[in-house]
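Chain C is fixed; fit chain B onto it per the hints.
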Amino acid sequence: MTPNDRKYTKTHEWIMVDGDTATVGISDHAQDALGDITFVDPATVGKELKQGEECAVIESVKAASEIYAPIDGKVAEINTEIDSAPELVNHEPYGLGWILKLSNINQSQLDALLDAAAYDALTGK
Amino acid sequence: MSYISNTANQSQEMLAACGLSAMEDLFQDIPARLKPQSFNLPEAMSELEVHRHLKRMAGKNATNLTCFLGGGYYEHFIPAAVDAATMRSEFYTAYTPYQPEISQGTLQAVYEYQTQVCRLTSMDVSNASLYDGSTALYEACQMALNATGRARIIVDGGVNPIYCKILESYMANHAEIKLTKIPAAPGQAQRDKIKAALCDETAVLVLQNPNFFGTVDDHSDLVEKCHKRSVLVIQLVYPIAMALLKTPGELGVDIAIGEGQSLGIPLSFGGPYLGFLAATKNLVRKMPGRLVGRTVDRNGKECFVLTLQAREQHIRRDKAISNICTNQALCALRAHVYMSLMGREGLRELAGICHARAEFAKERFKQIPGVLVLENAPTFNEFTLQLPKKADAVVGELVQRGIVPGLPLGRFYPEMENYLLVAVTEMRTKAEICKLAESLESVL
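Residue numbers (my numbering), protein chains in the order written: chain C, 2 to 126; chain B, 26 to 469.
Under the rule of at most 30 Å between Cα atoms (straight-line distance), these lysine-lysine pairs were calculated in the DSSO-like manner:
#: 1; chain 1: B; residue 1: K250; chain 2: C; residue 2: K48
#: 2; chain 1: C; residue 1: K51; chain 2: B; residue 2: K203
#: 3; chain 1: B; residue 1: K306; chain 2: C; residue 2: K75
#: 4; chain 1: C; residue 1: K48; chain 2: B; residue 2: K253
#: 5; chain 1: C; residue 1: K48; chain 2: B; residue 2: K306
#: 6; chain 1: B; residue 1: K326; chain 2: C; residue 2: K63
#: 7; chain 1: B; residue 1: K311; chain 2: C; residue 2: K51
#: 8; chain 1: C; residue 1: K48; chain 2: B; residue 2: K311
#: 9; chain 1: C; residue 1: K11; chain 2: B; residue 2: K344
#: 10; chain 1: B; residue 1: K311; chain 2: C; residue 2: K102
#: 11; chain 1: C; residue 1: K48; chain 2: B; residue 2: K344
None of these hints come from the bench; they were simulated from the model.
Since this is a predicted model, take the numbers as computed values, not measurements.
Excised from the complex, chain C in its bound form (with noise of 0.2 Å):
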């Protein structure tokens, strides 16, 4: 089930808002295309990243694929459970294996985003 509480990308990142910071990770999908994921190196904290920047970098046994910012906002959080458990990502990836959050984000991006069910059509579920 692809979680109804947030927004989706056409690169597969998801953002979840939460007052004024969000969370943002990758989906189900994306994780499972991957494959097992051996290492996340996120951007560093403070950093200012705009919409469609790249905000980590995520390393599977078969690929090593760049993640995207959905909307502009600064690193304020990066998740360092993954770290050293970055499976957490494969089987929770929308929760524990969130990647960072933001602040000073720009909320007007969102509406553009994906809702749950425009993003099931997209990857053909």
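For chain B alone, coordinates are given in the frame of chain C:
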């Protein structure tokens, strides 16, 4: 691989498919002045004739000189077992093989080489080796630029000028990388000049120990200074000296690199040699080249694999850390066999002999009127002499007597044309050192 020739018709068909009419059209981008003037080659020779021809050419090389040359490359004794072990057909390859995991023996040897480099430098992790010492310097600089997100490299004046040239040549296509070179001067690193050069955009400081002039230095104060400003430190080291001197790891250095030629690889006109690169664990994902790891297979048996490959080109494509996709497998194997034969104690003993002979040479040369041994700091097996005349001329005269007395520094630094860099290894006997001293006395 068989050679399949094309008929004239096939060539025309292929040219037509490219929209061209003649073979020369393929080379139209090459300026006329750079094109070969003719393809008139001499008549073919028989195997015997080729052999004679090459032998005649090789005969022009002077190979029987008593050699006091150093400057980053040193003549050391190579035990016969190094050749015997490395020439075994199971091992005899210049590269990391494709499908490397099938070649468990090769991977095990590389893994053991990495372990030895880590022990020699006291660093956490070594890669499977690089092309040579100078390219290891460039790769280490790239690592530091990547890790810090900053743009400027500071290179101390004691760093090998040949390496500096190669670094500049690599960087020529990268306008975004900035380089500060501290002026060269015999002696230890010039602290005041380095500190003045450190700024917020500095990614890394490059130091060498012993430095190009032979001087030994304890760089720990500079490492501390750099780390306070989040600047990384690369130290270029002579592997034999590591058996006696403080290691990069002990000094807190971030990336240790060097030329591995001294570890069982013969001197041969610039190569093939061996670059080693080792770093602290937190930089492992920024490392270039191949890395061999040890793990267990599904039956719980120990095995070796290429690891952390997501850094590399075949996975990361254009975002790869480096475009190095292989290693100097054969030279690394030689170094591995050499270090295994020598062992910790053997290397220590060897380093002690090199140092003692060099000290003997310094004492002897001090007695030569007009010769000054530059002695403002300790040296290992190499030191700088100031002569009363041009060093180039002295080298020319002594070569006629069968001795290469050292490297004339005027070749690299015009203001140092009276300076001679002399290296002494276990290969040089006391008699040879005395003969060099007497020869110097007679030409000065």
